[in-house]
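Student: Sequence:
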Amino acid sequence: MLTTHSPVSSNLSSSYKPQDLDDDEDYSYSYDFYASYDDGSYAYGDYFNDVITLGGATVSNFTMGLVNETNIYIGVLGIGYNDSTHDTLPDRLLEQGLINSTAYSIWVDDEQASSGNLLFGAIDTTKFDGTLARVTSYNYQKIAVAIASINATTKDSDGPISITYSDTDDYSSSSSSSSDYLFTAAFSPPDSVSYLPTDVASQIWELAGAYYQANADVALISCSAANDTTTTFSLQLGQGIYGPIITATVADLVVPHEAVDLTVWSTYYIDDDPDVCLFGVQNSTSAFSYSSGSYSLGSTLLRRTYSVFDLVNGEIAVAPVKFGATATSNIVPFSAYGASVPSSTMHCIYSDCYETSSDGTDSGDSDSSSTAPSGVLSLGAVLGISLGIGLGALAVGIAGFLFWGYRRNKNKNRGKETASALSAEAGEAPPLVPPHSDAREAEVAPEMAETAVPPAVYKGKGKAPENATPAILDPVEERPETSATAEADSVQGAAAVQPSSSHDV
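Throughout the sequence shown, residue numbering follows the UniProt record's numbering, covering 1 to 505 in sequence.
The reader is advised that the hints may include incorrect statements.
[Stated by the list, open to error] Label pairs and their in silico Cβ distance ranges:
| id | residue 1 | residue 2 | range |
| --- | --- | --- | --- |
| 1 | E206 | N49 | 20 to 28 Å |
| 2 | Y211 | D129 | 28 to 36 Å |
| 3 | V51 | D156 | 54 to 62 Å |
| 4 | G209 | S234 | 14 to 22 Å |
| 5 | G324 | S224 | 18 to 26 Å |
| 6 | T131 | D110 | 21 to 29 Å |
| 7 | N330 | A214 | 45 to 53 Å |
| 8 | T85 | T154 | 20 to 28 Å |
| 9 | D32 | P256 | 19 to 27 Å |
| 10 | S30 | S166 | 40 to 48 Å |
| 11 | S166 | T247 | 17 to 25 Å |
Hints listed in this document are in silico derivations from the structure and should not be mistaken for laboratory results.
Glycine is no exception: its CB is placed at the ideal position from the N, C-alpha and C atoms.
Model the full structure from these sequences, guided by the hints.
Tutor: Here's what the structure looks like:
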């Protein structure tokens, strides 16, 4: 894992020398990148190149961003679509033969999201129930899925309660809708909350016991609702009635005090009431949202979902996560560049849609490609790390640790913070990035137990296969369970963020 809570120490690097900001009063206006996110956080600074070590794999001359001003207390590792001139981490892992395709799995280990995992280039079949179901993204700048229906159940309801949607009040929305689905939304784990259409959000508020605070322009809820596991919401993805379903309880939607300071997100002062928490579903025009008209499924709605992001094919695969899984990991890699998610089935909505065999190769579509470009390992290569997320929702941990974020080129009040290191990443059109001709095979790590996967680099949790563990960085405050580490040529705290762009990811 790449972390940036500790300040960068130039004394630990033989090459890095920070610029004296006092030498140039206008320096803050000449940064190389500016990154902002839907939850109002931002970071800007300059690029530099260094070596990072992740899960036992080394990436040389990797472009990162040194953040000099930010309101984020931890770094972000950007791994989404790339519209910059710099390679992302998945690009480089592919180039070096450490993974076969630019794809990765993400999941948490328990209902409290106290720890989680990121697995590049593969899936772990022991960490989810049933079969992975794939849906196609509706946007090639970010993974966006159609929401076919939303239903709720409560302890007093006799059956599912249908949540309706009318787009008459959402003329500014960049989402689309049709008779086959309600609206489209970005699949966005980095968002601390989910942003939904106003009429949909208000129905969820009422059922959950949340309320809209007009002065603060945010939805709030009693923190005691974190004990409510009987009220559930089910969102069906794709078009029609046969798409995969993701679920969340009210308990999942209560964002604790440790995760968000409510006074930061509103000009209206909210008393520090220990029983008032931010609600994990906001309408897209709330003060907490900086992207009016853009809908997203954030980590509060995705905590119970095992997610696989396939950037090459523009697909997302989901299945119910298996909390507390103790079985020895069964790692199944993507067989080749552009291969479909292993052990998955496609939610077909078009006549030329094809199914996928259990090994991840396509069948029924002569145009599908599963041939790896030159230099990619012919057998599966994977790279895995485990994350100590600590308190709060999946969103809070995942956003800080490893996902891309939406970039909005909007000016915000900029609180000056100690410089921290973040790696450069952006995200727009999915790059079909072939490896360079000098791509080399990954160094062989100890073979994983009870799996037919070739030698791989993996550091997991519980009974996952054991490898030599790199030196542990100091634990991140309030996230004591961190177990994956990174090095940046002795520069503490390397992680990734997206450089500025006029496009959203």
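Student: Work down the list of hints and note, for each, if the structure agrees.
Tutor: Now the hints, each set against the structure:
1. Taken as a hint, the range 20 to 28 Å is violated for the pair E206 and N49, whose Cβ atoms sit roughly 52 Å apart.
2. Take Y211 and D129: their Cβ atoms lie about 34 Å apart, and the range 28 to 36 Å holds.
3. As the Cβ distance of V51 to D156 is approximately 58 Å, the hint placing it in 54 to 62 Å holds.
4. With their beta carbons about 18 Å apart, G209 and S234 fall inside the hinted range of 14 to 22 Å.
5. Distance hint for G324 and S224: a CB-CB separation of about 25 Å, consistent with the stated range 18 to 26 Å.
6. Between T131 and D110 the beta carbons are some 23 Å apart, a value that agrees with the proposed interval 21 to 29 Å.
7. A hinted range of 45 to 53 Å for the beta carbons of N330 and A214 is consistent with their spacing of about 51 Å.
8. At about 51 Å, the beta-carbon gap between T85 and T154 misses the expected band of 20 to 28 Å.
9. Distance hint for D32 and P256: a CB-CB separation of about 35 Å, inconsistent with the stated range 19 to 27 Å.
10. For S30 paired with S166, a C-beta distance near 46 Å keeps the hint of 40 to 48 Å intact.
11. For S166 paired with T247, a C-beta distance near 24 Å keeps the hint of 17 to 25 Å intact.
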